[in-house]
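Could you put together the complete structure from these sequences and hints?
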Amino acid sequence: MLPPNNVRVPQLVRETGIPRDTLDGWRRQAVGRGAAATTLATPVGAWSSEEKFAAVVETASLNELEVGEYCRHKGLFPEQIGVWRETCRQANAPLPTKAERAQQRAEREQVQRLTRELQRKDRALAEAAALLVLQKKLRVLWEEPEDAPLPRNGGSR
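In this note's numbering, each residue carries its 1-based index in the sequence shown increased by 393.
Please keep in mind that the hints were generated in silico from the structure rather than gathered at the bench.
Don't take each hint at face value.
[To be verified] With a straight-line cut-off of 30 Å between C-alpha atoms, the simulated DSSO-like cross-links for lysine-lysine are:
#1 530 x 514
#2 514 x 529
#3 467 x 491
[Claimed, not checked] Ranges between beta-carbon positions, derived for each pair:
#4 523 x 402: 30 to 38 Å
#5 496 x 451: 37 to 45 Å
#6 458 x 509: 48 to 56 Å
#7 510 x 451: 48 to 56 Å
Please read all numbers here as calculations on a predicted model, not as lab measurements.
All C-beta atoms in this analysis are idealised placements derived from N, C-alpha and C, irrespective of residue type, glycine included.
Here is the structure:
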């Protein structure tokens with residue numbers, strides 16, 4: 394959620410299943426501790442592609458201290474340079490073929506379907522557990538033995 398990745402909260406909710414309120418609370422705690430800045434000194438979008446590439450090339454041979462000095466001078470965070478460096482590395486990676494994209498889409502859909510099915514089964518299991526607990530409490534209330542069947546449809550014993 395915070396620099397250098399700046400992943401949006403809705404995306405994290407989808408990927409992790411962690412409730413939005415929890416993620417927002419964690420972000421407030423991190424910012425309160427000063428763990429990360431909530432905004433970047435220079436918005437990433439303000440730099441052109443060429444400027445980002447030039448910054449990566451200029452810092453390629455620098456050590457950590459020199460990169461820190463460079464970043465202070467330019468109003469950047471070292472993490473931004475790291476992200477830009479990784480983007481440059483992946484720039485010429487081959488694009489996935491149509492078949493690979495279709496396979497990835499099918500896998501995403503299967504994961505979503507299985508996730509929905511798992512959530513449905515979790516709810517059913519929780520409901521069954523609650524019914525068993527209530528059944529046990531009812532037996533204790535009526536002081537019936539555990540193995541005695543429950544009355545059905547208003548029938549008496």
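Okay, which hints does this one fail, numbers in order?
3
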